[in-house]
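The listed protein sequences derive, respectively, from chains A and B. Be aware that the first sequence starts at 1, since it is given in the working numbering, and climbs by one per residue. Be aware that the second sequence starts at 1, since it is given in the working numbering, and climbs by one per residue.
In case anyone wonders, no lab produced these hints; they're calculated from the structure. Think of the CB as a built atom: it goes at the ideal place given N, C-alpha and C, for glycine as much as any other residue. Any given hint could turn out to be false.
Claimed, not checked - Taking lysine to any residue pairs in the SDA-like style, the calculated list, with each CA pair at most 20 Å apart, reads: (1) A:K2 / B:Y263; (2) A:K94 / A:G77; (3) A:K2 / B:E16; (4) A:K252 / A:E17; (5) B:K2 / A:V14; (6) B:K307 / A:Y380; (7) B:K3 / A:V262; (8) B:K252 / B:C50; (9) B:K3 / A:K94.
As the list claims (entries may be wrong) - If we take Cβ atoms under 7 Å as the criterion, some of the chain A residues that face chain B in the derived model are: (10) M1; (11) K3; (12) S242; (13) L255; (14) E257; (15) F298; (16) N315; (17) Y316; (18) D341; (19) F343; (20) A350; (21) M365; (22) G366; (23) V369; (24) A370; (25) E373.
Unchecked claim - Facing chain B, from chain A, some residues (calculated, C-beta under 8 Å): (26) K2; (27) Y5; (28) K79.
2 protein chains.
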Amino acid sequence: MKKRYLISPGPTPVPEEVLLEMAKPMIHHRTSQFSAIFAECAEGLKKIFCTDQPVLMLASSGSGAMESAVTNVFRKGDKALVVNGGKFGERWGKICEAFGLEVVWINVEWGQAVSVDAVAEALKNNPDIAGVFVQGSETSTTVAHPIQQISELTKNTDTLLVVDGITAVGVYPMPMDEWGIDIMITGSQKALMLPPGLAFISLSEKAWKRSESCDIPHFYFDLKKERKNLAADTSAYTPAASLIIGLRVVLKMMLDEGLENVYKRHDTLARATRAGVEALGLKLLAPESPANSATGLFVPETVDGGKLVKDLRENYGVTFAGGQDHLKGKIIRIAHLGYFDSFDMVVAMASIEMGLLKFGHDVQMGAGVAAVEKIVNERY
Amino acid sequence: MKKRYLISPGPTPVPEEVLLEMAKPMIHHRTSQFSAIFAECAEGLKKIFCTDQPVLMLASSGSGAMESAVTNVFRKGDKALVVNGGKFGERWGKICEAFGLEVVWINVEWGQAVSVDAVAEALKNNPDIAGVFVQGSETSTTVAHPIQQISELTKNTDTLLVVDGITAVGVYPMPMDEWGIDIMITGSQKALMLPPGLAFISLSEKAWKRSESCDIPHFYFDLKKERKNLAADTSAYTPAASLIIGLRVVLKMMLDEGLENVYKRHDTLARATRAGVEALGLKLLAPESPANSATGLFVPETVDGGKLVKDLRENYGVTFAGGQDHLKGKIIRIAHLGYFDSFDMVVAMASIEMGLLKFGHDVQMGAGVAAVEKIVNERY
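Isolated chain A, as found in the complex (with noise of 0.2 Å):
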């Protein structure tokens, strides 16, 4: 017998009420009882963004509507600044290239946020930037990018601010409209407490502008004909529709509860994460700019790091996210976005203490838990 815990960055948990939601009889998503539903969460979606623009709901993961935010508002041959410090950033280069864009790179190590110096420096440098692709939270290495200060440098300029916001949006503040971002992504397996299989897209006015000039292919990614569709309550293809069911109940709990109230639980669950991290001793990937989504830490250099993570998720039950590329086998990260709350955070840190333990480091039993509680003891 063995209870699982899933305390990776995505899929996160699914609340109870939201999975018995989903399980109720399927209807049909071109009725005006399913439409109801997809106008309520259009609606809910508006005050996650923070924005008065409507935020389109596609049929595909985060990974889809990052295509589309390419191949709908840019052109072939224009420039593309990415900030590439994580597999995430990498993406957007990727997708960039793939669409025939030409990228400029900024290159930052793993662990830290790109400088806003660095960004301001590339595009005095490349004044026919179209675009500037960066993450809110780079999933990879556990670090929060300075958004704003990125969009004072874009915001009254030609150029489109873009950011993957997949594990940022729902975890701390980032005010599309108010900060001037230009197009705003974000999943559903993530802070939205949902499975997988649907990604949320917002645009600014400047970029549907600029969309109008658009010359890259696309028939599925149609942002014109869903934001059109989405003004008669519907989608273009067939919706996710028990995702969308499920939706409806996450953003009620999600504007229940207080999007203040949100942040504020993320912010005190990685809080206490990191200090848990640091009274064991260990380092943190990302000590200068951490983000709320999620927290890095490098096992002991004598601990196979990819060894324990299987063994945690194997024979504890405990399910965390490892490193990818270079920090493969070289760190654990424990989620804190979505549906986590206090005993989750004081499992992840049990698990890592005895997992240690357990693989010969000499760790203190009990201290990494004492910080995590008496961080998380402020919510009581």
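Position chain B relative to chain A; hints supplied.
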């Protein structure tokens, strides 16, 4: 947003696979389809009770099965020796008195197990005792009574040994046939990991024989009638069908895990919990003969235990049981019977540490959790 944790000694958490099974569309109970399930449950229950006798399934709480043991087997005026070391021992006596038996009480201090010598002496002083009534585990005091030793006193005599195993069956070995227990009872919402509503009872040959001379009126709880129906894979009255359907899955889970492993898991969690309590400098309610079903601890004298338990439930989302009668406000009972795993005990201990800190008790945060971690780590 608050996640909820049920760490009380009944109801206990119900596994997801059981909940999903019970959520399937209702089937009719007078069908071959249901009879097959009923028969499978009857076979499984014999393994859990460690008996060759039929185990009857009653649509009632455990107290209903306790009543049926008295009303189906004994005679008005029979002398009952009742071990009264808590709320449930007291209940045996009350049931016996309600149906005209004469009760000889053995009063035991709450938190202590009955002394075998005291039972032997009472039997010696009252050679006409028709039955000894005792709990395997006295839930209100988290004590395990010495059933095997008591059975040595009754098994070659005319006296019946009647054991309320409601929080003992499926927690630690209590082999009915091998020990010579004459009547054994349990309920669904304890180690059997189901919602409340089902009770189980099995009678030895000696008890069935005695039931021939029973003169207490009964109708709904008619064990002979149930035995006859069970032989035909059905029940005398409408069975609690969804619970029986869930029971089939529960029994499969327990037998797949293996009874030895089930007992070992309970033992590990119980030892870990007791070590955690002691590491916090708190006193155990039953230090000498603790049951592996639940652990009672005294809250510090400066803390109102009633308020603490209420705050843990309402604010922290963690439900424990408090104390009853003269222990009201003085103790917390942490459950570990049924669907509990290592990290449930971590959560239990962390929440108690956090709650004690909040209530002004100077507790070394993490100390209890560390003690739990060290012991449960044996499992991995």
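(message) Interface hint check: A:L255, Cβ to nearest Cβ on chain B, cutoff 7 Å. Holds or violated?
(response) violated (12 Å)
(request) Report holds or violated for the interface hint on A:A350, using the least CB-CB distance to chain B and a cut-off of 7 Å. (result) holds (4 Å)
(message) Just to be careful: measuring from the Cβ of A:K79 to every Cβ in chain B, is the smallest value less than 8 Å?
(response) violated (43 Å)
(message) Given the hinted pair A:K94 and A:G77, is their Cα-Cα distance within 20 Å?
(response) Measuring from Cα to Cα gives roughly 14 Å; hence the hint holds.
(request) Would you check whether A:Y316 satisfies its interface hint, that is, whether its CB is within less than 7 Å of any CB in chain B? (result) With Cβ-Cβ at 6 Å, under 7 Å, it holds.
(request) For the pair we were handed, B:K3 and A:V262, check the Cα-Cα distance against 20 Å. (result) holds (14 Å)
(message) Min Cβ distance, A:M1 to chain B: is it shorter than 7 Å?
(response) Since the shortest Cβ distance to chain B is 5 Å, the answer is holds.
(message) Check the hint pairing A:K2 with B:E16 against an upper bound of 20 Å on the C-alpha distance.
(response) Status holds; Cα separation ~12 Å.
(request) With a cut-off of 7 Å on the beta carbons, see whether A:M365 makes it to chain B. (result) Status holds, d = 4 Å.
(request) For the pair supplied as a hint, A:K252 and A:E17, confirm whether the alpha-carbon distance does not exceed 20 Å. (result) Given pair A:K252, A:E17 holds - Cα atoms ~11 Å apart, limit 20 Å.
(message) Tell me if the interface restraint on A:S242 is satisfied: Cβ within less than 7 Å of some Cβ in chain B.
(response) This hint is violated: A:S242 lies away from chain B, its Cβ roughly 16 Å from the closest one there, beyond 7 Å.
(request) Hold the hint about A:K3 up to the distance rule: shortest CB distance to chain B must be less than 7 Å. (result) holds (4 Å)
The structure shown violates the earlier hints numbered 9, 12, 13, 15, 28.
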